[in-house]
Amino acid sequence: LAVVCPIRTRSHDWPFEVELPKDLAIEGYVLTDQLKSLDWKTRNLKVKDRAPEHVMQECFDKIHTFL
4 LAVVCPIRTR SHDWPFEVEL PKDLAIEGYV LTDQLKSLDW KTRNLKVKDR
54 APEHVMQECF DKIHTFL
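Under our numbering, think of the first position of the sequence shown as 4, with each following residue one higher.
Everything labelled a hint here was simulated from the structure, so no lab data went into it.
Keep in mind that a hint or two might mislead.
As a list, the in silico SDA-like pairs of lysine to any residue whose alpha-carbon atoms are at most 25 Å apart [as the list claims (entries may be wrong)]:
| hint | residue 1 | residue 2 |
| --- | --- | --- |
| 1 | K65 | L38 |
| 2 | K44 | R13 |
| 3 | K49 | F63 |
| 4 | K44 | S14 |
| 5 | K25 | Q37 |
| 6 | K44 | L34 |
| 7 | K25 | T45 |
| 8 | K44 | C8 |
| 9 | K65 | V50 |
| 10 | K51 | A5 |
| 11 | K51 | E61 |
| 12 | K25 | L70 |
| 13 | K51 | E22 |
| 14 | K25 | L4 |
| 15 | K49 | P18 |
| 16 | K49 | D16 |
| 17 | K44 | V6 |
| 18 | K25 | D42 |
| 19 | K39 | V6 |
| 20 | K65 | T45 |
| 21 | K25 | D36 |
| 22 | K51 | C62 |
| 23 | K49 | T68 |
| 24 | K65 | N47 |
| 25 | K39 | L70 |
Ranges between beta-carbon positions, derived for each pair [claimed, not checked]:
| hint | residue 1 | residue 2 | range |
| --- | --- | --- | --- |
| 26 | D16 | K49 | 18 to 24 Å |
| 27 | T68 | N47 | 20 to 26 Å |
| 28 | D42 | D16 | 16 to 22 Å |
| 29 | D16 | T45 | 32 to 38 Å |
| 30 | S14 | D42 | 28 to 34 Å |
| 31 | A28 | L70 | 17 to 23 Å |
| 32 | M59 | W17 | 28 to 34 Å |
All values reported here derive from a predicted model rather than from experimental measurement.
Glycine included, each C-beta is placed from N, C-alpha and C at the ideal position.
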């Protein structure tokens with residue numbers, strides 16, 4: 004299983020959004036308040052890119068506020 008957050012292409016200026024850097028394969032905003040668990044093997048999901056450490060930390064910090 005994997006715990007993931009959806010990514011939107013447009014910002015809504017929500018407090019739990021985290022913007023992805025423009026140089027990644029996927030552009031958009033991580034919605035850290037909408038955690039989901041997925042069976043990534045069953046869904047045949049593949050990693051397209053990896054967010055830098057500072058973006059991951061910002062996501063973790065926002066998730067931590069409501070867990």
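Hint check against the structure, violated hint numbers in rising order: When the structure is compared with the hints, numbers 2, 4, 7, 12, 14, 15, 16, 18, 20, 23, 24, 26, 27, 28, 31, 32 turn out to be violated.
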